[in-house]
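Colleague: Generate coordinates for the entire structure from the input sequences, incorporating the hints supplied.
Those letters in the sequence shown? Residues 51 to 154, by the working numbering.
Hints are computed from structural coordinates only; laboratory data are not their basis. All values derive from a computational prediction rather than experimental measurement. Heads up, the beta-carbon is just placed ideally off N, CA and C, and yes, glycines get one too. Heads up, a few of these hints could be off.
Claimed, not checked - Now the in silico label distances, taken between C-beta atoms and shown as ranges:
hint: 1; residue 1: Pro88; residue 2: Thr131; range: 31 to 41 Å
hint: 2; residue 1: Ile117; residue 2: Val146; range: 12 to 22 Å
hint: 3; residue 1: Gln93; residue 2: Arg150; range: 14 to 24 Å
hint: 4; residue 1: Gly121; residue 2: Gly89; range: 16 to 26 Å
hint: 5; residue 1: Ser108; residue 2: Thr131; range: 27 to 37 Å
hint: 6; residue 1: Glu65; residue 2: Asp100; range: 35 to 45 Å
hint: 7; residue 1: Glu65; residue 2: Thr131; range: 33 to 43 Å
hint: 8; residue 1: Leu84; residue 2: Ala62; range: 19 to 29 Å
hint: 9; residue 1: Glu101; residue 2: Gly67; range: 30 to 40 Å
hint: 10; residue 1: Pro52; residue 2: Val146; range: 17 to 27 Å
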Amino acid sequence: MPSTLEVRLAAAWPERGTWDVDVVCDEPAGCSVLDDTPGPDRQVTVGDPDEAQTVEVSVRDRSSGRIAYVGDHEVAWSTTTQPGRCGATYSTGIVVLDVRHAST
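Modeller: See below:
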């Protein structure tokens with residue numbers, strides 16, 4: 051079962067709604083964007099969370115296209131196993147960029 055990774059800008063990020071977040075995983079992780087609508091939150095499915103311990107996150111100004119931030123971030127994965135005969139194990143991860151990463 052594919053796992054989900056969410057990357058989002060913290061609520062305190064200046065002018066949060068004007069930024070677009072992008073996430074890139076290493077090839078073996080098998081990441082795919084769930085919704086490519088520009089915005090301060092991004093969700094991706096990850097085929098192999100063990101291969102996605104670190105992801106590259108970039109933040110771009112939607113109006114000018116200027117890249118304000120690019121950096122690698124460790125993912126803290128939480129693994130859950132669903133009960134039942136067809137139980138599946140999946141992981142969820144969240145990366146929140148706080149205001150320290152905002153450009154000034």
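Colleague: Could you run down the list of hints and mark each one as holding or not?
Modeller: A quick look at each hint next to the structure:
1. Roughly 35 Å separates the CB atoms of Pro88 and Thr131, a value that falls within the hinted 31 to 41 Å.
2. Taken as a hint, the range 12 to 22 Å holds for the pair Ile117 and Val146, whose Cβ atoms sit roughly 19 Å apart.
3. Checked against the given bound of 14 to 24 Å, the beta carbons of Gln93 and Arg150, roughly 23 Å apart, stay inside it.
4. Distance hint check for Gly121 and Gly89: the Cβ-Cβ separation is about 19 Å, which falls inside the suggested range of 16 to 26 Å.
5. Between Ser108 and Thr131 the beta carbons are some 33 Å apart, a value that agrees with the proposed interval 27 to 37 Å.
6. Restraint check, Glu65 to Asp100: a C-beta distance of roughly 36 Å satisfies the suggested window 35 to 45 Å.
7. The hinted range of 33 to 43 Å is satisfied by Glu65 and Thr131, whose Cβ atoms lie roughly 40 Å apart.
8. Between Leu84 and Ala62 the Cβ separation comes to about 25 Å, which falls inside the hinted range of 19 to 29 Å.
9. Between Glu101 and Gly67 the Cβ separation comes to about 32 Å, which falls inside the hinted range of 30 to 40 Å.
10. The hint said 17 to 27 Å for the Cβ distance between Pro52 and Val146, and at roughly 21 Å that hint holds.
Going down the numbered hints, you'll see the structure goes against none, and every one checks out.
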